[in-house]
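Chains A and B are the protein sequences, given in the same order.
Take the first sequence: its letters are residues 891 to 1222, numbered as in our numbering.
Take the second sequence: its letters are residues 891 to 1222, numbered as in our numbering.
A couple of the hints might just be wrong.
One copy or any two copies: either way a pair holds, since identical chains are not told apart in the list.
[As the list claims (entries may be wrong)] Derived pair list, reagent style DMTMM-like, types lysine to aspartate or glutamate, alpha-carbon separation capped at 25 angstroms:
(1) K924 <-> E1041
(2) K1140 <-> D893
(3) K1140 <-> E1041
(4) K1124 <-> D1086
(5) K1070 <-> D975
(6) K937 <-> E1208
(7) K1149 <-> D1037
Hint data in this document are derived by calculation from the structure and do not stem from the laboratory.
There are 2 protein chains.
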Amino acid sequence: MADARHDVIGIGNAIVDIIGRCDESYLTEIGAAKGSMRLVEAGDVQKIYQTMGPAVEISGGSGANTIAGVASFGGRAAYIGTIADDEFGRIFSHDIRSLGVTYESQPIANGAPTSRSLILVTPDGERTMNTFLGISTDLDETHLNLDLIRESAILYLEGYLFDRPQAQKAFRLALDTAKKAGRKVSLTLSDGFCVDRHRGEFLELIRSGIDILFANESEIKSLYQTESFDLAAKQASSDIPLAVLTRSAKGSIILADNKSVEISADPIEQVVDTTGAGDLYAAGFLFGYARGLSLETSGQLASLAAAEIIGHLGARPEVPLAELARQRRLIP
Amino acid sequence: MADARHDVIGIGNAIVDIIGRCDESYLTEIGAAKGSMRLVEAGDVQKIYQTMGPAVEISGGSGANTIAGVASFGGRAAYIGTIADDEFGRIFSHDIRSLGVTYESQPIANGAPTSRSLILVTPDGERTMNTFLGISTDLDETHLNLDLIRESAILYLEGYLFDRPQAQKAFRLALDTAKKAGRKVSLTLSDGFCVDRHRGEFLELIRSGIDILFANESEIKSLYQTESFDLAAKQASSDIPLAVLTRSAKGSIILADNKSVEISADPIEQVVDTTGAGDLYAAGFLFGYARGLSLETSGQLASLAAAEIIGHLGARPEVPLAELARQRRLIP
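Make a model of the complete structure from these sequences and hints.
What follows is the structure, given as structure tokens:
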């Protein structure tokens, strides 16, 4: 993949996170299921924001976090996601560009505001997301820079975008474009509820050419409608050339042709905030894979990135991941 | 002071901080003196923002940080500071209100934007501030809620606001109002350069009735135009009933009538970001003092709050300070 201008290009919901701490009782009060992501309307955002505690604003968005992670490892990365011409849009584009990521999406005027997610972190470090999808879900085929996709070794698609038909259409165009250029295509299932809503479409997309699938335990079980992780994993390995399945503290398992690699989770001193753990796991794996490292090393880079993000508030790395990886002698 | 509705009311620049990490060389590049606060124009903010790394947005403002700290200790607090009707204004007012602080300032439409400070944190944890003073410096006498001032045990004035004549006028009105209601008035000198610019006015204000003065080493030396800390401290104790002088890692000294109390700095595992250390020191002291605790205990609360803030990015407490103080048995 030496001829690729970028290691990874991601397409996802461009979001700014508004992160605050809360007690378990507050989640009950607002009717949010702990650990989940739910979509909320503008009015609900207002209501929750007015009653939640002090917050910090940090760029987020699942796919964007992954791309930020790839860049933090020293990878060449690009991103496509729609923002509005507002303060949060400026924050989002500054933060991703300042990492050296190629981000050319122009702010869209006179539409919905930039998407935001109210993230509530309970004392155990678990995050519960209340996402207001503003302009980010307006993404359609016209927002794709097809040359950028052709020039990237791996295309990375964020499952959260699957809620709108025009975004699904854009995904198919992106996938076809990448495949025709001889590139690899990866997908993250993003969320169990999201898989529930669009199981058929996800399976169709996967079987039409996804090379690498990222999923956690609940997502892969939901995809194959089974309570057995082993059964789901078996199904995944027959459907996809490379299935990367994460299991939180139990580590992860990478299923390739006739090969299965188990990666243990990195020890974590204190779980401060799990937001972005899966996103950063994907970042480490994609960086390693794009650079031709072994599945084992790619998995270790993934675990390292997930552990860094869990140790502080927010889903963007606080220190250069390349430095951490060098300290651990995973990269030269 | 049992009849006071609030323990402390603060008046200051309402600011949202934009905090990012940088190398020492970047400070040289943009011509910023490490550790200082400098005022920059809107155009400079743009230039610095475009070249600085990824950032997080967290409510700030020196006096507002202090008031947030008082509330975090469980104190009843109020704040006066002007914001615009924009995203940063909404962030600022949400964050301070969500702590239970009485904040009634209405957003000002059609003026300058809400003030912001680009804060660059070097690897040693030192912060360098590039502040764009938007609407916050428009504060004048009409923005004061005099009843709120009369009902607060201690008035706290932020020296940074001294750059505009109408704000100085507002300070004098606030001071007179508080004194006539039998309240205590405190002032922080905020910044050595700020003292340089307004030495005469500061001294006049101090001698016209300030009861408690907060200053760090460079500020108090600048105020009395001496290179000797001991000399400056001596001058301060003859000018002000209660002078609270901080000396970073060397701890602090509290000078009252015929009494001097030395407080050692709390041990800090890792200096992550010094932003707000002085602000939170003042918070701990003011809370203890307002609640009638001894100078020693008030100083220990001050050190504890400063240590908490230095251990993470941003100048607002990440955990309730009341809890930390109870663990240390400083409050019941």
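Do the hints match the structure? See the list:
| no. | hint | in the structure |
| --- | --- | --- |
| 1 | K924 <-> E1041 | neither (40 angstroms within a copy, 42 angstroms between copies) |
| 2 | K1140 <-> D893 | neither (37 angstroms within a copy, 57 angstroms between copies) |
| 3 | K1140 <-> E1041 | neither (36 angstroms within a copy, 56 angstroms between copies) |
| 4 | K1124 <-> D1086 | within (20 angstroms within a copy, 72 angstroms between copies) |
| 5 | K1070 <-> D975 | neither (34 angstroms within a copy, 49 angstroms between copies) |
| 6 | K937 <-> E1208 | between (30 angstroms within a copy, 23 angstroms between copies) |
| 7 | K1149 <-> D1037 | neither (34 angstroms within a copy, 74 angstroms between copies) |
The structure does not agree with the numbered hints 1, 2, 3, 5 and 7 stated previously, though it agrees with the rest.
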